[in-house]
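J.: Produce the complete structure using the sequences and hints provided.
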Amino acid sequence: MYIKLPNGIIDSLRRRLPIFNIATLIAFILGLYYAILNSPPDYLQGDSMRIMYVHVPAAWLALSSYSFLALSCIAWFIFRNPIFNLFAKSIAPIGALFTLIALVTGSIWGKPTWGTWWAWDARLTSMLILFFLYAAYIMTWQTIVNKDLAAKISAALGIIGFINIPIIKFSVDWWNTLHQPATISKLSAPSIHISMLTPLMLMTFAYILFLVTVFLMRYKIETLDQKILRVSK
Amino acid sequence: MSEIFYMNGYGEYIWSAYSFTLISLMALFLYNYLSLLKKEKKLENLQGKNEQ
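Protein chains in written order, with my numbering: chain A, 1 to 233; chain B, 1001 to 1052.
Don't read these hints as lab results, they were simulated from the structure.
Heads up, the beta-carbon is just placed ideally off N, CA and C, and yes, glycines get one too.
Certain hints may be false.
Listed below are several chain A residues computed to face chain B (Cβ distance under 10 Å; list not exhaustive) [stated by the list, open to error]: (1) Ser48; (2) Ser67; (3) Ser107; (4) Ile108; (5) Trp109; (6) Phe205; (7) Tyr207; (8) Met217; (9) Arg218; (10) Asp225.
If you want the ones that stay clear, here's a sample from chain A, every Cβ over 10 Å from chain B, calculated [said to hold, decoys possible]: (11) Ile51; (12) Trp60; (13) Leu71; (14) Ile78; (15) Trp114; (16) Trp120; (17) Ser126; (18) Lys147; (19) Leu149; (20) Ala150; (21) Val172; (22) Asn176; (23) Ser195; (24) Leu224.
T.: Following this line, the structure appears as structure tokens:
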């Protein structure tokens, strides 16, 4: 079974890369302005909670990116269409970096707030595992020379790692962890004031634009690689 | 102005977190941007050779 893919959409988006670059830059400038200058300090955590504006969007998108990667892997197993591997390969390094940012900024926030850089707590440990899953996925493609084999192993790895996503999401509810539970939930009104929600949403928007921009660039690199391979044969 | 750097004592934490984030995002962007340019050039060269 072979399905028709939205290559036209990706191509037309790719041609608009300069627009995405500028939009990402503007979103970051606006987000940083609110995050640093135009939002109040937290009554409990003081100014240190400003770190949340770079930490929370990174963590959200690290999980979303992995879900996208795992779904692409599942789609590849079903349809055997190489485009799904391109999707997963294009998003993997971005998700890995977002995970790293969440870990590092969380650690920097933890020092003044919890009094420690790191604890082997459920949320922190499962995020570290997520980083290793991304790393393993990327390394599979880089180390296995036979690309058909690499496709199978990486897709299997991507799917197995999917188990970790609900574990990360619910770790703060299932276990007693140092990490605070979610402030923003789809099911209820967010327990956060608008003055703090504005910079958080702006930064999330900036991160999403960044993700789309780099994803499109990486997707183009992957297709160029294939063309180079075909031409040089 | 110094208040922004001091951040009521949290300055070093906030600024190190923000600089790590922004520098790493910029690095990933630049790395991919440069390799995109390189790949485009490589393909052009290869196609030029094939036509000769």
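J.: Run every hint past the structure and note whether it holds.
T.: Right, here's what the structure says about each hint:
1. Satisfaction of the interface hint for Ser48 (chain A) is found here, the shortest Cβ-Cβ separation to chain B being roughly 4 Å, below the 10 Å cut-off.
2. Because the smallest distance between the Cβ of Ser67 (chain A) and any Cβ of chain B comes to about 20 Å, over 10 Å, the interface hint for this residue is violated.
3. Hint on Ser107 (chain A) holds. Least Cβ distance to chain B is approximately 9 Å, under the 10 Å limit.
4. For the restraint placing Ile108 (chain A) at the interface with chain B, the shortest Cβ-Cβ distance is roughly 4 Å, inside the 10 Å limit, so the hint holds.
5. Nearest Cβ of chain B to the Cβ of Trp109 (chain A): about 7 Å, under the 10 Å cut. The hint holds.
6. At its closest, the beta carbon of Phe205 (chain A) sits 14 Å from a beta carbon of chain B; the interface hint therefore is violated under the 10 Å criterion.
7. Nearest Cβ of chain B to the Cβ of Tyr207 (chain A): about 8 Å, under the 10 Å cut. The hint holds.
8. Checking Met217 (chain A) against chain B by beta carbon gives a least distance of about 5 Å; that is within 10 Å, so the hint holds.
9. Satisfaction of the interface hint for Arg218 (chain A) is found here, the shortest Cβ-Cβ separation to chain B being roughly 6 Å, below the 10 Å cut-off.
10. Given hint, Asp225 (chain A) at the interface with chain B, holds; its Cβ is 7 Å from that chain's nearest Cβ, closer than 10 Å.
11. With a closest Cβ-Cβ approach of about 5 Å to chain B, Ile51 (chain A) is found to fall inside the 10 Å limit, against its non-interface label.
12. Non-interface status of Trp60 (chain A) relative to chain B is upheld: no Cβ of that chain comes within 10 Å, the nearest being about 14 Å off.
13. Distance check on Leu71 (chain A): its Cβ is at least 22 Å (rounded) from any Cβ of chain B, clearing the 10 Å threshold; non-interface status holds.
14. Against chain B, the non-interface label of Ile78 (chain A) holds: every CB pair exceeds 10 Å, the least being about 29 Å.
15. Non-interface call for Trp114 (chain A) relative to chain B: holds, since the shortest CB-CB distance, roughly 12 Å, exceeds 10 Å.
16. With 10 Å as the threshold on Cβ separation, the claim that Trp120 (chain A) sits away from chain B holds: the shortest Cβ distance comes to roughly 21 Å.
17. Against chain B, the non-interface label of Ser126 (chain A) holds: every CB pair exceeds 10 Å, the least being about 21 Å.
18. Remark: the non-interface label on Lys147 (chain A) is consistent with the geometry, its nearest Cβ contact in chain B lying 17 Å away (cut-off 10 Å).
19. Every beta carbon of chain B lies more than 10 Å from that of Leu149 (chain A), the smallest distance being close to 24 Å; the non-interface claim holds.
20. Annotated as non-interface, Ala150 (chain A) keeps its C-beta farther than 10 Å from every C-beta of chain B; the closest such distance is 20 Å.
21. A cut-off of 10 Å between C-beta atoms confirms that Val172 (chain A) is not in contact with chain B; the least separation is 21 Å.
22. Interface exclusion of Asn176 (chain A) from chain B stands, the closest Cβ pair being 25 Å apart, more than 10 Å.
23. Interface exclusion of Ser195 (chain A) from chain B stands, the closest Cβ pair being 17 Å apart, more than 10 Å.
24. Its beta-carbon lying about 4 Å from the closest one in chain B, Leu224 (chain A) breaks the requirement of being farther than 10 Å from that chain.
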